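*Asks:* The residues making up each chain are set out below.
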Amino acid sequence: MSDALLQVEHLSIGFSQYFKGTKKRVIHPISDLNVEIREGEIVAVVGSSGSGKSLLAHAVLGILPGNAVCGGNIAYRGEPLTEERKARLRGREISFIPQSVNYLDPLMRVGKQVRIGLGADAPSVQQALFQRYGLKASDGRLFPYELSGGMLRRVLFATSVREGVRLVIADEPTPGIHPEALAEILKQLKQLASEGAGVMLITHDLMSALEIADRVAVIEEGRTVEISEAAAFEGAGRQLRTEFTRRLWRALPDNDFDLELQGKEEVRIAADRRKSGLLLSKGALDF
Amino acid sequence: MAKSIAIRLVRVATLLIGLSILTFSLIHLSPMDPVNAYIGGDTSASPEQIEKFKQYWGVDKSPVEQYLSWAGSLLQGNFGTSLLYRSPVLDIIQSRFLTSLALMGAAWLLSGGIGYSLGVIAAVHRGKLIDRIIKWYSYTLVSTPIFWMGLILLIVFAVWLKWFPVGLAVPAGVLESEVRFIDRVHHFALPALTLSILGVANVAMHTREKMIDILNSEYIVFAKARGESKWQIFKNHGFRNSILPAISLQFAYFGELFGGSMLAEQVFAYPGLGSTLTTAGLKGDLPLMVGIILVSSLFVFAGNLIADILNKVVDPRMKGAV
Amino acid sequence: MLSVQEGWNVRKTMLLLAASSAAFLLLLLFLGFWLSNDNLRLSVARNLPPSWEHPFGTDWLGRDMFTRTIKGLRLSLSVGALASVISVVVAIVMGTCAAVFGKAADAVISWIIDLFIGMPHLVFMILICFIAGGGIYGIVLGISLTHWTALARVVRSEVLQVKNAEYIQISRSCGKSAWYIARRHIWPAIFPQILIGFLLMFPHVILHEAALTFLGFGLSPQTPAIGIILSEAMSHISTGKWWLVVFPGLLLVVVIKSFDSIGERIRILLEPASSHE
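Residue numbers (our numbering), protein chains in the order written: chain A, 1 to 287; chain B, 288 to 609; chain C, 610 to 886.
Calculated directly from the structure, the hints in this document are not laboratory data.
Bear in mind the structure is a predicted one, so any value in this text is a computation, not a measurement.
Wrong hints could be hidden among the right ones.
[To be verified] Taking lysine to any residue pairs in the SDA-like style, the calculated list, with each CA pair at most 25 Å apart, reads:
| no. | chain 1 | residue 1 | chain 2 | residue 2 |
| --- | --- | --- | --- | --- |
| 1 | C | K866 | C | L691 |
| 2 | B | K415 | A | S16 |
| 3 | B | K422 | C | S630 |
| 4 | A | K136 | B | N523 |
| 5 | C | K785 | C | V709 |
Can you make the complete structure from the sequences, with help from the hints?
*Replies:* Take a look at the structure:
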């Protein structure tokens, strides 16, 4: 499709691990991912922890660790997204909302962190952004540890809003927060999309993703299992194409609440998490 | 914050008292009679002088009284009289301290600056050739005796290349008033260089470790994701997060620095506090020795205190915790 | 498994490196005993630059510098070993006391450690050396009383950790004596740390011993200690006899670096978690 803002086809990501000595082996946490986002559209990328969702975000932004090897195609506005292009576009046309407040510099005042990359009129733009996200002007002089988790999330959002941003990648912006804050975040993402940006919402929370997403890509073990319209997730999930997605949908508390199935899922998530933990410690973020 | 500084000051005060007790007991426990130790083999000491020492130490009283009278006179600034130089210990220390301070200060700044830069360069190029060279260099320096390094510099720059004089703080046979500033620098360069070269290793290795941690942190990944260039990442985040630990490390390094200056001053016959202590120790000038020991310890305690305060209090994250 | 095999390979290389360093040090020690004192007699072969016959040259009295250096190193190593052992014992006692005898003891010992760290090492050593009346005795005492602090802190935290571990609590509730627990559980747990601490302390000890003798403390000028050799050579460098300084110092650096590398490698081998780099 030519009108796609971002098109990810058959993306694979491998990490080479060197052992002291001679041999090198490659592990592939992502083997075959396909996602497509159009302007003004919200696409939710849903998968369990360790399914490779975050790596997708990092691959599009070009911030994978040095020992990562990518395959497949990523195209942005119809042209291949090379590393050079990524470096040029990130923070300008493509912005990133990270999953944890640890992504803020602990020793820099949050106002300054928002001002980075804003250019000449940074102070006034920062003030406007703080207003938009319900932060006081005086909060800008505080350090991250002085703000609550909810406020820090809003700071993270403020860092991602830039003149000319066409694609927003939000990596798990909703983990473990109370329902009100969740609704607020979803509203903000919706607002970004209504301003014309494409939004990639990476999450494991299918329920809340469905509230705002136009389409949902389900990811499991590094592969895209299914991409469906959000509307397909209804009732017993008969419009869903794969058995896996149907089960995922039916395992949700509001639906059949298939306990046996959920139990299995939990076990697998735990195993995946262990795997991904290993991965991160081995593939030192080296650049 | 004020409270935590106060607590640390009190601790330093108790440490200083402890230090004086320790020094006193060491002298007291030693088989030597302090008066004998003071006079040593010096037969030229007059009975009058001996009487003065006895009074200073309060030899006839109990150890506790002796300590109190001794500590009392220390507090009044009476550190006794040097046997070797026949003048008050405090005067000698004052005149030598400045010479040493210039040496140590220059080495401190130089080694801090170079060490920090090397650490950053190594961390940014981690695993590459330049990192390995810096690592090897630092680890080798840690194993190198400073006096040997000084001798090598002396051979190369003073004996072979004749760029610098072989020793002393000023040219020999020139009146103090006629010594030009350039002469002082000329004589000062090699000892300062020796002291700096060795100091680099410590701060370079610590900065490297710290910087690697920082570069692997999530906020650097985010900075990259926001389109910051390598230089911006260093300027905005790397420097900010690594400079404070490096500075506090340099302050905690005062003890090593003083020890190093003793050796460097010995090699270059540079008349500072360190070489004076060496002479005092070798010639058995106990009052001068004790005076320099107390002053140098004060210097090190001050450094450790500053390091502590920098670590715990200046870091904005610690404000809430203290 | 691939990773197991590779891991074994890494360890083998590390062990090999540590072993070759150790072999080198043993060779020096052996040479120290084997080289004849005849080489130290005064002779007419004065001020010779390095040659096959005199690898490190000869000094102004015609003594063979290689023999002097090796003998000096032997002395440094034995002084260093003795001082390190004493230091380790002090560290174990202090660290264990701090961990076992409650908060007050802990506070007192941490204060003492601060006190010892506060005085510049070299200054403190000179004081002790002087008080002890010089000689090897003074040097050993001075060095051992100043190097225990860091290891004592390590021992303290290790013992604290082990003490509160579950299996110790179980052992205690089974009615085992404190001595039994110390011997069977705590000691084996902290032994690796102590071994590493000892090996890493050694280079510092030798450096400080060399510094002290260089300044002229402790040993008589006739003793072939490495510091004395260098301090004597100092007065001859203005006449261009570089070999008197370069070789003895270089060998000292290599010896210290060897100890350091043995200590580091064993540390890495005993703490597999740190072997990633």
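*Asks:* Evaluate each hint against the coordinates.
*Replies:* Hints versus structure:
no., hint, in the structure
1, C:K866 <-> C:L691, "19 Å, holds"
2, B:K415 <-> A:S16, "18 Å, holds"
3, B:K422 <-> C:S630, "19 Å, holds"
4, A:K136 <-> B:N523, "23 Å, holds"
5, C:K785 <-> C:V709, "16 Å, holds"
The structure fails none of the hints (numbered hints given earlier).
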